[in-house]
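All chains, full assembly: derive it from the sequences and hints.
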Amino acid sequence: MQRLINRTPSRPLSIALSIIPFILILLAYQIGSDMRKAENEQDKLLPSFTEIASAIDRMALEPSKRSGEYLLWRDTQSSLSRLVKGVSIAAFIGLIVGVAAGAIPLIAAPLNPLITAVSLIPPLAILPVLFIVFGLGELSKIMLIVLGVSPFIVRDILQRTQELPREQIVKAQTLGGNSWQIILRVILPQILPRLIDAVRLSLGTAWLFLIAAEAIASTDGLGYRIFLVRRYMSMDIILPYVAWITLLAFATDWLLLQLSRFIYPWYHTEK
Amino acid sequence: MNNFIELTNISKHYGEKVVLERMATQVAKGEFVTLVGASGCGKSTFLKLLLGTEVASSGAITIEGQLIEKEPSSERGIVFQKYSVFPHLNVRQNVALGIEFERSVGLGRLFGAKRKDAIETANGWLEAVGLSASAELYPHELSGGMQQRLALAQALVKKPKILLLDEPFGALDPGIRKDMHELVLKLWQENQLTVFMVTHDLREGFHLGSRLWVFDKRRYDPHAPDRFGSTITFDLPLNAQDATKNQQDLEAISSELLAMHAT
Chain A
1 MQRLINRTPS RPLSIALSII PFILILLAYQ IGSDMRKAEN EQDKLLPSFT
51 EIASAIDRMA LEPSKRSGEY LLWRDTQSSL SRLVKGVSIA AFIGLIVGVA
101 AGAIPLIAAP LNPLITAVSL IPPLAILPVL FIVFGLGELS KIMLIVLGVS
151 PFIVRDILQR TQELPREQIV KAQTLGGNSW QIILRVILPQ ILPRLIDAVR
201 LSLGTAWLFL IAAEAIASTD GLGYRIFLVR RYMSMDIILP YVAWITLLAF
251 ATDWLLLQLS RFIYPWYHTE K
Chain B
1 MNNFIELTNI SKHYGEKVVL ERMATQVAKG EFVTLVGASG CGKSTFLKLL
51 LGTEVASSGA ITIEGQLIEK EPSSERGIVF QKYSVFPHLN VRQNVALGIE
101 FERSVGLGRL FGAKRKDAIE TANGWLEAVG LSASAELYPH ELSGGMQQRL
151 ALAQALVKKP KILLLDEPFG ALDPGIRKDM HELVLKLWQE NQLTVFMVTH
201 DLREGFHLGS RLWVFDKRRY DPHAPDRFGS TITFDLPLNA QDATKNQQDL
251 EAISSELLAM HAT
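Which chain is which? The protein sequence lines are A and B, in order.
Per the numbering used here: the first sequence ends with 271, consecutive numbering throughout.
Per the numbering used here: the second sequence ends with 263, consecutive numbering throughout.
Think about it this way: if two alpha-carbon atoms lie no more than 16 Å apart in a straight line, the pair counts; the simulated EDC-like pairs of lysine to aspartate or glutamate are:
1) 48(B) <-> 167(A)
2) 82(B) <-> 163(A)
3) 82(B) <-> 173(B)
4) 82(B) <-> 167(A)
Simulated from the structure, these hints should not be mistaken for laboratory data.
Printed below as a string of structure tokens:
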């Protein structure tokens, strides 16, 4: 008998095993929903799959009676636009500050304590400040994502820059490179795939801040919708919205990985 | 010109720990100096002094009468045991990088005719180290030996006054190591290089060098092992013609080293 720690599932078995938990959850939901519906036809807590399907139909495929817009797509567009803007700005800040501080000790010395301090500020605690300073429009929501995510990216990129083998930096110097040339041709191109990694890791946090900002002050967006329909206990809308957000998060992550593999094949085979 | 490189009373210590002490010697242009000794004997530290990543605590190193720069420069080429090549550039770009640094100060990148010219030069060096067929590959697609060939070509593009090799073949298989020895000797002779090579392998040191330095401590205090540093305890001219003498010297030195570290 083989030891348990040495037994690995074959490929088809492993696929089957990975689907089972999802099926079990759906099944448990179905049973729970049926039980509650049997007691009370009007129960809203665990809507049946047909109710959820008709909610999806209403939100995604029919124009809203009030504004004539397809709400799900409108919400998705607003949210993604905020997310992309916020994360892009944060990634840009992270790249510039992280590489500068990672490559140049004289820049790291004053920045390091500051970055540590800033990263300890809970971004949600200064959300009111953002609303006061930037108003209730798009800018404050984007700034919340930037503030929430960029300290992580800065620190990650700083560390990745310092982790590049010292030998390479010495070698580049013996090839006659000056500081700027070495940053431009040796450090930066090697950090870019690592920046994609950092962005992928920070996406979950970015979603958190996006939904928080939308919940508090917004007129559209996925987070706004969820918090709006909560008042009517519309679980039939909330649940598909959550699933949709999860799917979007998964898709962004997967796309970034594919992009990184396509542009930087050397990075992925190196590991 | 016997004093191409001159060391005057070099010592290096980190706090209380003395690593190297009172090293004084000269090296002529075109010599191939191999540095051997037990691990921790300071041979790598000495190479770092030459390279400029460490600065001597006292004493001076001069090349052609000029004090060496206190940071790495294109005067001194280096091949490390690993991480010597850039993973994000293909073989040809790796070699061309040294030329691009020199001719494009702002961007470190050449375009058009200048780029063509740089590629031409790079191709020449790839030919010299036997990598012409792999010019388009990335380092992770190369074997360990090929990566070291690339690192050599990369360094030689800059025509350094001295070439430093830090256990360059330590991670290679014996068969490949033999090919690399031939290549290094060929490059050394063709380009009249002055080479310093650190190696673990005494035989390799004897086989390649025109001069062999053994690093060890002359004095040793068992109660304060860091009190005295290493220096060159044997400075042996090697003669490729006189194989028997070399063999005798090799045996003498290996038994000496063994005896010293047994006590």
